[in-house]
Amino acid sequence: MTTLLDRFLHYVSFDTQSRAHARQVPSTEGQWQLARALQKELTELGLKDVTLSEHCCVMATLPANVDYPTPVIGFISHVDTSPDFSGKHVNPQIVENYRGGDIALGIGEEILSPVMFPILHQLIGHTLITTDGKTLLGADDKAGVAEIMTAVAQLAQSDIPHGEIRIAFTPDEEVGRGTEHFDVAAFGADWAYTIDGSGLGEFQFENFNAASVTVKIMGNNVHPGTAKGVMVNALDLAMRFHAEVPATEKPQFTSGYEGFYHLHGIKGSVERAELSYIVRDFDRDSFETRKQKLIDIARRVGKGLNPDCYIDVTVEDSYYNMREIVEAHPHSIELALQAMRNCGVEPDVKPIRGGTDGAWLSFKGLPCPNIFTGGYNYHGKHEFASLDIMQKTVEVIIDIARLAAVKK
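Reading the sequence shown from the start, the letters are residues 1 to 408 in UniProt numbering.
Treat the hints with care, since some could be wrong.
Claimed, not checked - Calculated cross-link-like contacts (lysine-lysine; reagent style PhoX-like; alpha-carbon spacing at most 20 Å): (1) Lys-267 to Lys-216; (2) Lys-216 to Lys-88; (3) Lys-303 to Lys-291; (4) Lys-48 to Lys-88; (5) Lys-291 to Lys-250; (6) Lys-228 to Lys-303; (7) Lys-88 to Lys-381; (8) Lys-381 to Lys-134; (9) Lys-134 to Lys-216; (10) Lys-216 to Lys-228; (11) Lys-216 to Lys-293; (12) Lys-250 to Lys-293.
To be verified - Label-pair distances were calculated between CB atoms; the ranges are: (13) Val-349 to Arg-99: 23 to 33 Å; (14) Ser-286 to Gly-100: 41 to 51 Å; (15) Pro-118 to Gly-46: 22 to 32 Å; (16) Thr-51 to Ser-86: 41 to 51 Å; (17) Asp-159 to Ser-113: 44 to 54 Å; (18) His-181 to Ser-276: 24 to 34 Å; (19) Phe-253 to Thr-2: 21 to 31 Å.
If you are wondering where the hints come from, they were derived from the structure by calculation, not from laboratory data.
Since we're looking at a predicted model, the values are computed, not measured.
Note that beta-carbon positions come from the ideal geometry of N, C-alpha and C, so glycine has one too.
Work the whole structure out from these sequences, hints included.
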């Protein structure tokens, strides 16, 4: 029988690193390779309606084994890994019964240390899966893929009562295009869960409202020896602009429900400059206020400029807080939290200080909270996963399926 660990190690062997700014979806060929492998495995497990779309979304159905009406629930994970670090030739290490202290990665040039990552202190006795220090691991989100596949396999081979269950694996989540071509109507679930969280018990049904803001500044460049009254230095204007952004409302000074402005790119010359920001806030009104503040700063800094010089602000909303959608479907929250408690897991309900495919799907009509996977330190060489927590996720998925089929 294929185990959870077997599946995970198999899936991380596929190089599915996505690529930003690619025109096509999926952005890389490796995602197709894993999607086809999952399509084949789902078919062999006996699932029905197994499909692979032209944009690399795998869907499948585990038919109900009860003869009374139940809601249709879904479980979703993404197959791609982050562009931030190499996902090629992943060589996992298995650390059984972790006893604490540093873990040498590969030949020991890199270490996974509880000094830098204190969460390790809470994982004594766990079986850990680490990298060899040369790549990321891919637990984000192949841990979720492995957990869904293992749970579905166990449900298919057991007599645990459950209604119809829909499964989906999506591409390009890491580059913000994971649900761009997701057919919610074809998926046909009443609600779903993304299996894409982190630590034990983590459950999320709210996330940032998010926007990208581009500030383009046009100056006027002349020889500095004759610049008086003529030169307009776009770089000076850029510095003045950023100086007016609230200094303490930046990612490094915020946590919990606090929003922020984040300058993540700057380029330019005397002639022209460009600032790239992301704006985040959980509250929709505060979110709108933050976007307006940047527009107001541009007006102040640009006041009195020569007509040929200007500061232009472009705001593009990225996603919204799924709480306003999911809260209208409290059963999707209550069911997951009860399943966790039934499996001996204390729920850790917290907001996502970022985005999720679940946010996009919620606003497309599919309420979609997020559940833990047991992976940590995503997007880099120190990424690792706890097999013990991964197994708990499998148990939670199975119990959600069981609870959804309980007669009212």
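Hint check:
Between the alpha carbons of Lys-267 and Lys-216 the distance comes to roughly 10 Å, so the proposed pair stays at or under 20 Å and holds. With a CA separation close to 37 Å, the supplied pair Lys-216 and Lys-88 exceeds the 20 Å bound. For a cut-off of 20 Å, the pair hint linking Lys-303 to Lys-291 stands: about 19 Å separates their Cα positions. Among the hinted pairs, Lys-48 with Lys-88 is inconsistent with the structure: their alpha-carbon atoms are about 32 Å apart, more than 20 Å.
The straight-line distance between the Cα atoms of Lys-291 and Lys-250 is roughly 14 Å, inside the 20 Å bound, and the hint therefore holds. Among the hinted pairs, Lys-228 with Lys-303 is consistent with the structure: their alpha-carbon atoms are about 19 Å apart, no more than 20 Å. A C-alpha spacing of about 12 Å is found between Lys-88 and Lys-381, which places the hinted pair at or below 20 Å, so the restraint holds. Among the hinted pairs, Lys-381 with Lys-134 is consistent with the structure: their alpha-carbon atoms are about 6 Å apart, no more than 20 Å.
As the CA atoms of Lys-134 and Lys-216 are separated by approximately 38 Å, the hinted pair breaks the 20 Å bound. Among the hinted pairs, Lys-216 with Lys-228 is inconsistent with the structure: their alpha-carbon atoms are about 23 Å apart, more than 20 Å. Restraint check: the Cα-Cα separation between Lys-216 and Lys-293 comes to about 16 Å, which is no more than 20 Å; the hinted pair holds. Proximity of Lys-250 to Lys-293 is assessed by CA-CA distance (about 14 Å); at most 20 Å being required, the pair is judged to hold.
Val-349 and Arg-99 have their C-beta atoms about 31 Å apart, which keeps the hinted 23 to 33 Å range intact. Under the hint 41 to 51 Å, the C-beta atoms of Ser-286 and Gly-100, about 42 Å apart, fit the expected range. In this structure the supplied range 22 to 32 Å is violated for Pro-118 paired with Gly-46, their Cβ-Cβ distance being about 44 Å. Distance hint check for Thr-51 and Ser-86: the Cβ-Cβ separation is about 31 Å, which falls outside the suggested range of 41 to 51 Å.
For Asp-159 and Ser-113, the hinted distance range of 44 to 54 Å is satisfied, since their beta carbons lie about 46 Å from each other. Between His-181 and Ser-276, the C-beta spacing of about 26 Å keeps the proposed range 24 to 34 Å intact. Our hint of 21 to 31 Å for Phe-253 and Thr-2 is violated, since their Cβ atoms are close to 47 Å apart.
Hint violations for this structure: numbers 2, 4, 9, 10, 15, 16 and 19, all remaining hints satisfied.
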